[in-house]
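Undergrad: Protein chains in written order, with the numbering used here: chain A, 5 to 295; chain L, 75 to 519.
By construction, these hints were calculated from the structure, which means they are not laboratory data. Any given hint could be a false lead.
To be verified - Label pairs and their calculated CB-CB ranges: (1) Glu214/L with Val262/A: 27 to 35 Å; (2) Leu489/L with Leu265/A: 52 to 60 Å; (3) Asn303/L with Leu173/A: 49 to 57 Å; (4) Pro132/A with Ala411/L: 34 to 42 Å; (5) Glu466/L with Ser8/A: 25 to 33 Å; (6) Ile227/A with Pro281/L: 24 to 32 Å; (7) Thr119/A with Lys467/L: 25 to 33 Å.
Said to hold, decoys possible - One side of the interface only, derived from the structure: several residues of chain L facing chain A at Cβ under 7 Å: (8) Met120; (9) Asn202; (10) Asp257; (11) Ser258; (12) Val290; (13) Asp291; (14) Gly293; (15) Lys298; (16) Asn303; (17) Asp305; (18) Asn319; (19) Asp326.
C-beta: ideal position from N, C-alpha, C; glycine also.
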Amino acid sequence: MDLSLFLQLIVNGLMSGGIYALIAAGFTLILGVIQVFNFSQGQFYMLGAYCTFGIVTSLGLPYPLGILAALAAMFLLGILFHFVIVQWTLPHGFFHTMLVTVAFSTMVGQASFLTFAADQGLVEPVIPGTLNIRGITLNNGKLLVIGGAIVVMVVLYYFMKTKIGTAMLAAAENKDVAQLQGINAKRIFWVTMAVGSGLCGVAGSLIVPVLSATNNMGMNAFIRSMLVVLIGGTGSMSGALLAAFMVGIVESFAFQYVGQLSLVAIFAFAAVLLFFRPGGLLGKPLPIPGQ
Amino acid sequence: MKRSGHRWLVFVGVVAMALGLLFPAARNAAAQAQDVLKFGSLVPIMTKEGVEIKKWNDLFAKMANEKGGLTVGGKKYKVEFYTYDVGYDDSAKTLAAVEKAIHQDGVKYLVNNFGDHYRLTVVHADQNKVIDMGVGFGEETVGTKYQYFFRPLGGYYTAASNYLISRDFVKKGAKTSLVCTIDSEMGHVVAAQYGAGDAMAGLKLIPPVFFGMDTVDYGPIATKVKSLNPDVVDFGAAIGDQIVNLVGALKDAGWKGFIFPGAAINPTTYANIIKRVGPYFDGSEMFYNDPRGIPLVAKDPEMKEIIERYQKEYGEFRTEGCLWLQGWFTVKDAMMATKSVDPAVLKDYLAKGPKAPLSLSGYSQLYARPDIGQYRTTDGGPGNGRGVVKNEKLEYIGQITTKDQYIATIKVHKLQDVYQKYWDQYGKPKFPNEPSELDFSDLNK
């Protein structure tokens, strides 16, 4: 294989991985702390993208404001989602909660079809242009996405070491014991849902200058981010980041050589890896009841 | 006396109620049977195309009714147009809409369909003797199995679109072509058809690249395309954001060449491409869908009146729906020619080589398909404007005529002998009077 093509495929994989990592960050946080397999995570990402598109294109406000607005809007929607839906099903177990998130995702998806389907939202490139290093091309917008993914992961890593982050981990470990230690688990749970949803909003914001906002973008991205979280390990930020780049690279090479079967290649990669490491690269196995 | 009076009151009340219920129903039934033409249209309202087709449908009904109705055989009929939401290729929604249209609303003509699950529509329309001006690819719908299905928008006779556009690219130095499109039944059919048109223009074909509908990042696709090094990339059946992202990714990958973005490009997609890549898109060629810039259409008095009325009614002129309206004009012309509104009479007329009606994108003629043993004229060759991007603006450069579509399609499929036998028996089609790029003599070149 041509060396420049090989390097280009690696770079492509890292760029795709940056996108997946951003979406997976909120997902793995919620799954790790509240133990909710949130199927609507992709829809928060889609809504974040449209929110930024609306702020920048319709209102003509600066792009950074669009990011902040998406963060705030999805943070609030996350709180609403938690109090109106999730908190009522949490006592009934993992699968009940997962099912309501599927229902919520479907409702948001259908509503977005009716609201946005006729519109493809694209914000003008924030940093236009492409870097070209000896024939290897790197889109500036995607570099921003990779940078954003790394920053988000690092911030989350240190956030989890703060008092509230430690409380989150404690509540995730054992809600009842955490409460005996004076930790308000209910508050921790809604804060986690809000932060996880807000992160998805930021992911959508960072993507929208690179890829247009569409009503089906959430579900497409969610499938990859789900694999990223499973491969990386539940609740592990560094695992998610590592897995995102791995999935991106596998997909990049697979598309070059097996074309449209690349998604099958990713699933095969995940299956083999999870066979040997059921808990993922750096995490623990999924909290399946009875196991 | 008191009781008797009470009975009379009850009697009068019951009679009045019965009359109240019966008379409007009877009047309504009579009106429906004799005076009302019920048209239906199956579209995804969630798309810009669907929204626009509905606006045109409403306008056609309004304009006809303002003139006292549509005059057929000296009699005036009120036009009712029902536009149904069918999602996009959604079988459940299509079935629900078709059943409502035929069995509840009494629709007799399904026209201007776009995005319906057409295989379902054709079955129900045919069983209920409802004219179906459908869309789609493949051969089963236009074959001998169905009597009431016609495809004025084409699906087979479309080779000239690619041929003429690729021929321009060849003149500019292109030698190889690659179709990069969605991995679906439609994507594969379109890839084969578009590839055939490219080959006829003299381009060497590189095997197509298919990508999933669930693609998130288009970088790997662009890298693969670049590594295959085509001079022309053709997006086939790709739509909306896919096209925007593909063009953007090709630019990022540093690929340089000619782009035909496929048939499904609309003004929003176009604007987003320009927003994303700017002058990089210059030199690309595609369909030109604005009837105001297509001389053949803009000069026609009927079309001119419709266009002006649209602008008066809705303000900003949008072109997304203009490509999908042949069904209305085809059925209307058939009614005028036969002086009948009976679907059975209309389908017989349409199956015998009717005169090509003009619509907002050009003439669209129905042809037979002797290659599959279909000698009724069921399959259309749609005319379209052709445009090139110059300084980030799309300029009209010529018309792809229905005659071009017919001849190019026969030539790319190498069916000259099959068609010659058909022409010997039935005669050659009589094309509309418009200048074409191709003639029958080109079949043997």
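Undergrad: Hint by hint, say whether it matches the structure.
TA: Here's how the hints hold up against the structure:
| no. | hint | result |
| --- | --- | --- |
| 1 | Glu214/L with Val262/A: 27 to 35 Å | 31 Å, holds |
| 2 | Leu489/L with Leu265/A: 52 to 60 Å | 34 Å, violated |
| 3 | Asn303/L with Leu173/A: 49 to 57 Å | 52 Å, holds |
| 4 | Pro132/A with Ala411/L: 34 to 42 Å | 56 Å, violated |
| 5 | Glu466/L with Ser8/A: 25 to 33 Å | 31 Å, holds |
| 6 | Ile227/A with Pro281/L: 24 to 32 Å | 27 Å, holds |
| 7 | Thr119/A with Lys467/L: 25 to 33 Å | 31 Å, holds |
| 8 | Met120 | 3 Å, holds |
| 9 | Asn202 | 29 Å, violated |
| 10 | Asp257 | 4 Å, holds |
| 11 | Ser258 | 10 Å, violated |
| 12 | Val290 | 5 Å, holds |
| 13 | Asp291 | 4 Å, holds |
| 14 | Gly293 | 4 Å, holds |
| 15 | Lys298 | 5 Å, holds |
| 16 | Asn303 | 11 Å, violated |
| 17 | Asp305 | 19 Å, violated |
| 18 | Asn319 | 5 Å, holds |
| 19 | Asp326 | 4 Å, holds |
In this structure, the earlier hints numbered 2, 4, 9, 11, 16 and 17 are contradicted, and the remaining ones agree with it.
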